[in-house]
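Asker: Got chain F; can you put chain X on it based on the hints?
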Amino acid sequence: MTGMAPTTTAETAEKIRARLCDKRGRAFWRSLDELAETAEFRRFLESEFPALASPPIGIDRRSLLKCMSVALAFAGLTACTGEPDEEALPYVNEPESVVPGRPKWYATAVTLNGFALPALGKTHVGRPTKLEGNPDHPATHGATDPFLQASLLTLYDPDRSQSPRHFGHPASWSAFEAEIVARASETARREGEGFRLLTGAITSPTLLRRIGSLLEQWPNARWHVHEPVNGDLAYEATSRVFGRPLDRHLMLEGAEIVVSLDDDFFGPGPRQAIHARRWAARRQAFQKGEGDCRLFVAEATPSLTGAMADERLVTATLRIEAVGHAVAARLGLKSASAPELSASERHWVERAVAAIRSHPGRALVTVGPQCPSELQALGLLVNEHIGAFSATLRFTEPIAAMPPDGTRSFEKLTQDMAAGRVATLAVIESNPVYTSPSDVDFRAAMENVPLRIHAGLHYDETAILSHWHVPLAHELESWGDARAVDGTASVLQPLIRPFRDVRPLLALVDNLTGVLTSSDRETVRQTWRTDWGENFEARWRETLLRGFVAESAPPFVTPEVRDRGIATPRHFEGLTVVFRPDPTIWDGRFGDNPWLQETPKPFTKATWGNVVLVSPALAEAHGIGNGDELRIEANGRAITGPAWVMPGQETNTLTLTFGYGRSRTGSLGDGLGYDAYRLRPGDSSWLIAGATVTPTGEHLNVASTQLHQAMDGFDFIRTVDFADLEPRTAPADQSPAGQDARAPTFYPVRQWDSPSWGMSIDVDLCIGCNACVVACVAENNIAMVGKDQVAEGREMHWLRVDHYYEGDPAAPKFYSQPVPCMHCEQAPCEMGCPVNAAVHSFDGLNLQVYNRCIGTRTCSSYCPYKVRRFNWFDLTGGDAEELRAARNPDVTVRGRGVMEKCTYCVQRISEARIAAKIEGRPIQDGEIRTACQQACPTQAITFGDVTDAQSAVSRKKASPRNYTLLEEANTWPRTSYLARIERSGPDDEDGPG
Amino acid sequence: MKDAASTTVVRSETVSEEITRIPLGFPNPRAWWLLFAFALLLLATFIISVAVLFFYGVGVWGNNIPVNWGLAIANYIWFLGIGHAGTLISAMLLLVRAHWRSSLNRFAEAMTLFAVICAGLYPILHLGRPWYFYWMAPYPNTMDIWPQFKSPLAWDFVAVLTYLTVSALFWYIGIVPDLAAVRDRASKRWQQVFYGLFALGWRGSAHHWARWRQSYRLTAAIAVPLVVSVHSEVSLLFAAGPIPGWASTVFPPYFVLGAAFSGFAVVAMIAVVLRHALGLEDLVSERHLDLLGKFLLATGLMTAYGYFAEAFDVLYSGEKQEMDTLFDRFSGAYAWSYWGAIVGNFVPLQLLWWRRVRVQPILLFLIALAVAVGMWLERYMLLVTSLYRDWLVSSWGIYHASFWEWSLFAGMLGVFLVPFLLFVRFLPVISSFEVVETLFEEDRHA
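Order-wise, the sequence lines are chains F and X.
Each step along the first sequence adds one to the number in the working numbering, with nothing skipped, and position 957 is 957.
Quick note: to get the working numbering, add 993 to the position in the second sequence (first position is 1).
Just chain F, same shape as in the assembly (with noise of 0.2 angstroms):
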């Protein structure tokens, strides 16, 4: 308004001025306000305090308070949402069953590429804040994985999308049903014609029967399916073998021989855990005596799997098709070709094929599901021929749903969207703009398309693209189904509400074709309902307590082989690219979740970002260290990340990993890594032949919290030979070992009372998943502390996993070994604290008091475990109020300048200790269990009363595997391992079996 003054305010004042100076006595008053009430002096007196200008929507007295007393009565309206009203009700008298501070379990499940992750869900009043193994589960059996563990964090995410966004700014979800309805009605003109749906793999029985109704209702609509990290080969092979595409499930429970070629069934991904906690029957099984467990594997970069292997083959990725041959050759499979071998491959496949041929029916041949469909249909005719079928080997119906185009389905989408085919495009829970292969420009056949809509967590890569982004309830605060890799169906129930203001998936789903008022747990249980009929309250019910629907896997089914043809191996010499999902972010989708950034990644130890696995040979060829910058250019595209030297990688092979070299993630994820993406020909494709590679000059900077892996002729991993191992476990009326490990010693020794608290660790379970250090985190409120300050050395996890490699740098062993405190009998740290901050409780716990430390760092420095650390800087009061509401209430937040460290869980130690007491009984053994020992998936860790000789803990300690990490030191370890079973004699084939 000022600036529409013809005159400057100088000049209006000076006018004002005169024109006041000519009046006198009443004519001057009256003047007063008949000068206030011209346009002029408003200006004058607007541009002078522009804090009296009216605002632009001029609003006087009266319609002010017109507009309160409506807001008064509007105010009893907003009880009225559009949400449902189930049991929730504030309460007069405190319930019964919700006392502050006692948890509430639920049992639901997450979802990791569509299939279910069976949790335990634990909440504070209506808060979870921990999601544990569901232990009845069938398949899992309490099993869990990083993934499982860190979810819960997503949930808290400050940087989830808030609300709706139409063209990036802030709607309302009003706006965008407005919008979607007209557009629906318009659609259903059409019969659906040009509308696409776009989501992730799924499982879930409900969603997939609302798809289902989609496409009812809508016959030319289609619904595509994008899974940057997918078993399309897997269907290939079981297309061309069986007929039609079939899941493979390892039984490797079963398997007494698992040769794997490629197969990395312990590395990452919803399988993890199920693989593990059944392979790691088997290796208890064998550790009693009770028939073989030996796992050959022939890899090209060191994999988990990998580095369990009693026989690992370190050989080219496209050398893996002939050492198939071979293998299926020399087992007698006619027309298999037999092809040139080096002597290390004809010496892992003579040693594999007789260990095969000595197990009839207890053997197992796996082909990684990323390898070509050839080898993979290779290695099912292989597994026919030794029986593995209907044992070691079952297949079941597909469990995730196929789209109508198979495997081709997003490459169609695309292809139709660049054509201008699509008029509407709803990406649900996607996000194809940045992991979509490079062969495949989806971002610029987006543009093509008149009306996309964007459903997801985070307002990411696609949602930018997007006309509409509307934001998704989180898997725990909505209600969903999904199956787990067995085809377990669970039901997913909320455990809290929404916070914001975001809509469930199936109530999405709905929305899109017009369907405003659909509940999604009324959805969930009408799937439910049809299968169940009349029963349907009860087990509805039982569901919901149990967490998954029993018996709702799939039957195995027997196939016949159609087709036994077997294509003769390529041969390619030269550099490859492999590409393989990141082990803590997978595809990219948890590049906002902090726990997983920070989770050092197996063997390389590195966190928030992704390196470029070179082999020791190359490295020494282009001069390469740790963290110089390499080119990378395949197909004529190039990404540029930091080397990493990886011992044991074979050396013509580059492993890239993908998920990170994002852009918007939110907050934290950005500008981390290489996106190799941009290097992907394609979505079923998982390796480049013909890359070049060079050192750019530059270095940078990787976080790495393990900067020396060789063990050095130290014994901190032991290994017994197998043929030395007598007895194999504890005779029963054996104390536990370890006392005559003690060195006398200078101080007190103490006499401890039952119960006194112990750990055993055994290493030849450990498979160095990552599970039991996210679970810690989610358990004691560890600070998460981003990558500069883990490149200092300073994360603050308390349990970490140590990773060693000896042996030859070309082909050496693996070892991971988790290290928590050891809680030492004789503990240097309480000897070096000056103030009594380091103690010992009576049940023979050390313990650290935060409020009594004043952080001298003695005890750490004093500490040759090196498990402590220190608050650097106040590393929680900055917390986002989200990130609060994620912290475990039995445990302190720890503040600037404290110790901190394992505790062994006291606070679950003090839960069972009180309700023990009052129960007036004695804790019992497995009673408590510590938050790793619970996440474990091999069950490596056993916690319990060491002064109990028969308690689990003690039988472990109790057997000629224990040992206690540097012995020297003399510290009287609290926490023991049990060494790795080897074999080092070439004439074991027999085995105990």
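Quick caveat, the hints were computed from the structure, so don't treat them as lab data.
None of the values given here were measured: they were computed from a predicted structure.
Incorrect hints may have been included.
As the list claims (entries may be wrong) - Covered, in the sense of this in silico footprint (three residues per stretch, anywhere, with C-beta under 8 angstroms from a C-beta of chain X), are these stretches of chain F:
#1 227-236
#2 850-858
#3 893-902
All residues carry an ideal CB built from backbone N, CA and C; glycine is no exception.
Answerer: Chain X alone, transformed into the frame defined by chain F:
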């Protein structure tokens, strides 16, 4: 005889005059002001560094796990080591009646006092929660908790505090008669009041002298064992930890000798500077430089023996962890600190075998400087090389001191220099009455 007595009186008058004129009318004010301005700048650096440290936390330093301790603790030990020479020179030589000490003891004691203050500040600053530092003290409290007496740190706290108290007392008792002398010569009112107050009404009566001598010698007797105990105690900070490279019984004597060594080096440096700047060549004579050089050489050779004994112990034990640490010191990431210490401490030192070098002020100064730097490197080396690669290879890390650690170090030199320069400017830097007494005794014996 009568003549001799009268010359002595005349000489004693001139000696007193020569020393007391310094505080009353400073001979070189411009140089002093330049130095003082520089020291104030350093002090400002100290204040800023501490403010940053307290605001953000110890994370502004380069420390990490495994190198929990860094520059702060290395400097603590270094400053405390320097602080040992003053007491050694004054108290021990007083008790063994080595009268030549009287030309050196006053400023050596002042140096001790300020170095111990610097040393004492470091462990408090390096705490995660420095505001609770007093929890290390055994005091009655509502929590009913004592310090944990097995910890070397609890003893450190007591040792440093005791040493500071005793050093301050010893220095102050020694200076009282001289303060009276300055008071008596002061012409300005403020000087008369200032020195008069601190002279505690000293009139030089026979009673005063008798009481004074009692208390002075008593304090000296307390101070001498402290020299040994404090640094032995400090060495336990390392030796008590079960860390390869630390857990060694040779550490207590090794540290005490190293402390005396570095202390003598700094005393020699200060002596050279002061005698030149204040024109005290006749009082701090060639003989004193010679003696300082001899002490430096002797303590240096004993320290060298410590190095040898430490390496021998490790090789004799044959423990893999210990051997790895030893060899890593020779050739690892911090080999520069090891060889720097060896070269700085022992190579130029060998020149002190010649008297001509010992009495050459500039050479003595440079050799002493090399020793001060070398001993600093030694503290750094002992601390970092043991921590950065300890037992488990998986927890190995690397340590680089951050900007704020270096700035605190520079600032701490300011904390040392500011009071020391004030001392030089306003207090008698040499014990005049003791010099007079020495002269008298010498004449009488002649």
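Asker: Where does the structure disagree with the numbered hints, that is, which hint numbers, in rising order?
Answerer: 1
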